[in-house]
Structures are given as structure tokens and as C-alpha cells.
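Colleague: Chains as they are written, first to last, in my numbering: chain S, 1 to 352; chain V, 1 to 268.
Just so you know, these hints were derived from the structure itself, not from any lab. Please note: incorrect hints may appear among the correct ones.
[Said to hold, decoys possible] Which bits of chain V does chain S cover? Going by a derived footprint, with three or more residues having C-beta under 8 Å, they are:
no.	segment
1	90-96
2	108-117
3	148-162
[Stated by the list, open to error] Only pairs whose alpha carbons sit at most 30 Å apart, straight line, appear in this in silico DSSO-like list of lysine-lysine:
no.	chain 1	residue 1	chain 2	residue 2
4	S	57	S	337
5	V	149	S	324
6	V	30	S	324
7	V	64	S	324
All residues carry an ideal CB built from backbone N, CA and C; glycine is no exception.
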Amino acid sequence: MSSAATQVDQPASPPEATASGGHESPAAPPATAPPALPPSSDGTGQAATVADYSGYKLVAAKHPWRWVGTAVVALGVAAVAWSLATNPRWEWGVVAQWFTAESVIRGLGETLKLTVIAGSLGFVLGFVLALMRLSASPLLVSVSWTFSWIFRSTPLLVQMLLWYNLGYLYEKISLGIPFTDVRFFEVQTTTLISQFAAAVLGLTLNQAAYSAEIIRGGILSVDQGQLEAAAALGIPAWRRSTRIVLPQAMRSILPTAFNEIIGLVKGTSIVYVLAYSELFYTIQVIYNRTQQVLPLLLVATLWYVVITSVLSVFQYYIERHYAKGAVRTLPLTPLQKARKYFALHATPRSTR
Amino acid sequence: MSTATSAAATRGLVEITGVRKSYGAVEVLKGVSLTVPPGGVAVIVGPSGSGKSTLLRTINHLEKVDGGYITIDGALVGYRVRGRTLHELPAKEILRQRTEIGMVFQNFNLFPHLTALENVIEAPVVAQGKSKAEARRRGLELLDRVGLKDRAGAYPRQLSGGQQQRVAIARALALDPKILLFDEPTSALDPELVNEVLDVIRELATSGTTLIIVTHEMGFARDVADTVVFMDDGRIVEAGTPAEIFSNPREERTRSFFSKIIEPAFNI
Chain S
1 MSSAATQVDQ PASPPEATAS GGHESPAAPP ATAPPALPPS SDGTGQAATV
51 ADYSGYKLVA AKHPWRWVGT AVVALGVAAV AWSLATNPRW EWGVVAQWFT
101 AESVIRGLGE TLKLTVIAGS LGFVLGFVLA LMRLSASPLL VSVSWTFSWI
151 FRSTPLLVQM LLWYNLGYLY EKISLGIPFT DVRFFEVQTT TLISQFAAAV
201 LGLTLNQAAY SAEIIRGGIL SVDQGQLEAA AALGIPAWRR STRIVLPQAM
251 RSILPTAFNE IIGLVKGTSI VYVLAYSELF YTIQVIYNRT QQVLPLLLVA
301 TLWYVVITSV LSVFQYYIER HYAKGAVRTL PLTPLQKARK YFALHATPRS
351 TR
Chain V
1 MSTATSAAAT RGLVEITGVR KSYGAVEVLK GVSLTVPPGG VAVIVGPSGS
51 GKSTLLRTIN HLEKVDGGYI TIDGALVGYR VRGRTLHELP AKEILRQRTE
101 IGMVFQNFNL FPHLTALENV IEAPVVAQGK SKAEARRRGL ELLDRVGLKD
151 RAGAYPRQLS GGQQQRVAIA RALALDPKIL LFDEPTSALD PELVNEVLDV
201 IRELATSGTT LIIVTHEMGF ARDVADTVVF MDDGRIVEAG TPAEIFSNPR
251 EERTRSFFSK IIEPAFNI
């Protein structure tokens, strides 16, 4: 013990002495005089018996197999690109002709409209359902559970057709006091449930059932101590949910939520059963007429790729926003990286 | 110690009377009674699972009691009297009561997505209806008091454990509470960060705010407490001045606990 303590106060002793263990060090003579310095030393005296590498260049390890793998993949990509470009049966001319056709753009607009409406209404309703499910009231919990159970266990196609044919089940829809003759208003079901209304209703309710579980999962991922601290500070319940819990839950909600939204973009194509002319139904109508099935399917595919790509960019920045405080320093965005790269490489002569 | 200052304090009298609490079949508080005078500093010590933290959490109604009652300056916590019945207060009233009782947690529980200053001003703005500017001014003052004014814009994860706990103390102080509850405030900290937090609490002990502290830091307890309370198995075994409890305990259980805890601590 004490031998170790005295050693600290000594000037650097030769590495051999310390390497053989602290107990033998008192035997070694204390090196009081600074040893002779090599010419390139930094002057601390530490470098006396240690080789000096301070002027050496650093080279990272090589990964030859990484290069082989890259070459194989690049070859494969090139082959696919070549066949896409040169096989005339893809009929790229037809694709180009229809890609921006007015009917296709109109269909695209309908697809986006359905996605935005059903997506946002679905997530709002899902948030309410998630809060109900996590509440202390057994009634709210079971209502929320039952909702998710029903809408997750029936095919979307069936839900859609049921909503559209609601007029067959119930001729009129009215608002009044149950089990009395009092009616505040009454309409024909068929006038209320148009194709659009049936599509929105079906997609929204289905989306809400899934969103509820995603949001609930996110809320459960937030540490209980956060709620406790907020409660101890006297922060009201609604504010606790929206200001404290939800922003933290967003971290785990967002990746899954964007999965759902992207799924919904393509999922809206199911409304073709209602003969609703969104993107996919429009494409079907066109190729049934022109018989150019594959190129037209390609038109739809390319548009879905475009939408998904745009959504992915949104996802990146929204996730980044909610990562605030979750990581010590946020990584650079691709744009920031590019700007930094050009700033460093644009004028190579003038940099260090 | 702080006997002189407690005379100056006029608010923050805590009276705990016969409090019982069970989790399922396990009774964790078996009729606990304790009085802490205004401006007093009570330190609760005892083995893990003795009910210290639970007792602390009943004082701001984070835990509901199953029996007994707690008053602060004579007002019941979490309940109101109607005839011969105690009715639990509506949520809003409970939240208002809690703004008079600050709490500091073992794991800090700072809001990680808010900066240090935003953590401090959240409650004054939403629970007390202060203006944002006023809350910011006071918030910076408090961060300055805990030595962190220059870190006001930092997120909790950019701060060390000791700094986080000091922000948490500033957050609790922002409501200008009568009483501050500390639930093992240094247990999650590296040994070298413990003192910076204890120093802040030591400074608060002379400020006239009533402090109730659960801790395992015996040296600190001896230093700062008016009253040391030793709990075991859901009961208060004995309570007294630090000198009485640490140096001259009456109960065998207290003696055997400190013989395991204190002596190794003083030998280091």
C-alpha cells in the first residue's frame, strides 16, 4: 500500500521497474536525475526509454473483401439496369406517355387525399383509443380493446363493402333519443354514405385500430418516473400526456407510424372495390382499355415509389426533431454532410 | 445546526398520524406517526424495504394511504372532511396541493426532451399560471443558485448525474414549496458527484423550507438533520437528534443497523 503511494511522487521510473510489480519498486534506485533526451522528444523526459512515433503517419486497416463484395453487387445492379433499359417489352415509351396523363394525376390526387384524411383522422382517433386503453376506467379500457379487436380481426375489404352497403342494412340514419320517437334529424343512408365517405370511414376506422396499438406501445415505452415527476410538480393530466409523455413516446411511435402511413398509401388501392377512382383503379381502367398491362402497372409503381420517397424524407426530419435531447449531439443531416464535404474540398489548394 | 433557523420559519409543518399502506398482502407502513416542525430538517434512514420511500411518497399523495392521515400546516393532504368521512379531493385540488410540496427523485426524472431551463419553468407556467418571462427570470436565478446558470440551454443527457440532480432540485424549488421531499437524492450518483448535490441540500437546510430526506449518507444526515428517524419494517423504531440516534441509540435494532452501516463508513 504505502510503497504504491510513494511511487506516485517519484519522477518517471524506467518501465521495467513498474512492469515487474509495485512490491519490488523500492529496490529500484529512484531516478532523480532527468535522463538524456533523444533529439525528437517533446521534452517531458518520459520518452527516454520509449520509442517516439509522434512523426509517423496513421493508415487504417484494409478490407479487401469489402471491395470484392461491392464489385459483385455493382455488377448485379448494372445487369438489372441494363435489362430494364434495353428490353423493349417494358415499353418505357408507354410509361412516359401515361405517367403524367391527366386521369393518372387525378387518380394520384385522390390517393393522396384518402391517405392524408384517413391517416390523420386514424391517428387522432388512435391516440384517443390509446389513452382510453391506458386509463383507469374499466369501461373505457374494454371499449377501446373491443374496437381494436373488431377492426383488426375483420378484412379491410369486408369493412369497406359493409360501409358502402350500410344503406341495405339501415335505410335511414337518424339522430334522436333511443327507444323513443324523438328524432332531431334523419337522412337516407345512401345519400350520407357516398363512395368517398365509405372509403374514408373504412380506412380511418381500420387505421385507428392499428394506430391505437402503435401509440399505446410508444406511451408504454416512456419511463413511469416521468409521469410521477410531472404529477409531483402539479402538472395537469392532459398536459402530462401531450407535453411530457407524447414527445418522448414519439421516438418509438414514428418508425412504426411511417410504416403504417406508407402501407396506407398503397392500402388505399383497396377502394377499387367501391369503383372509387384513385390511382390504382384509374390505372386498371386504362389498361383494360389499352391492354398495355405491364407498362401501366409500372406507372402506378413509380408513383408509389415517389410518394414513399418523399415520405421517407419527412420521416427522417421528423424523427430528428424528436431525437432532441435523446442523444448528446445529433448526427449531421445528409444535406449538412454534403455542405461540409464541399466546404472542405471545393478549394483544395487553400485547405490545410 | 439548524435549530436557530427553524424558529424563523412559519410554514411547512408536517404532521403524519398513524399512516398505513399495503401493497396487496404486504403491509409496508404499519401505523407511522411523525411531526416535522416548520423549517425543520428530518432525515429518514433505515434498511431497504423499511418503508422510507413509501412514507415520503404519501406526503404528496403520490401514494394513497390506507389508514391514518397527513396534514400540512393543519390542512389534510389529499382529502377533505365531510361529516365523519374523509373524501378524496378531485385531481385538480391534489395537483394544487402538490405545488406546495417539491420532490426530488433518486433517478432525477428530468424531462429529457426539455432543456434544463424548460424543465425548471414548466410547472410554474402550467401549474401556477406564472408568465413565461417571470418564470424564466426566476428559473435562471434558481439555476444560478445550484451553480448551473451557464448550462440553462443544455439537455439533461448533456449533463453529468450531479448536474442533473441539481437541475432537479432547481425544478422542485421553482414552485416555491413549503416542503421539499428528497428520495435518496444521491443514490444514483458516482461517489465523486455526491458532494456537489449534498452541498446544495445543505444550503437549503438553512433556508427555512421544511426538508424531509431519505438517504443512506449517514455523515450528511448527522451534519444536516434536526431529527433523524430510523425506520424498519414499516415502523419508526426511534427518532431523535443526530447525537441521540447515531451515538446513543436506545433500541437494539437501531444499534445493530448502525453497527453494520456507520463503522465501515468511518474507517475508510
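Colleague: Determine for every hint whether it applies to the structure shown.
Modeller: Now the hints, each set against the structure:
{"no.": "1", "hint": "90-96", "result": "holds (count 4)"}
{"no.": "2", "hint": "108-117", "result": "holds (count 7)"}
{"no.": "3", "hint": "148-162", "result": "holds (count 4)"}
{"no.": "4", "hint": "57/S - 337/S", "result": "holds (26 Å)"}
{"no.": "5", "hint": "149/V - 324/S", "result": "holds (21 Å)"}
{"no.": "6", "hint": "30/V - 324/S", "result": "violated (45 Å)"}
{"no.": "7", "hint": "64/V - 324/S", "result": "violated (35 Å)"}
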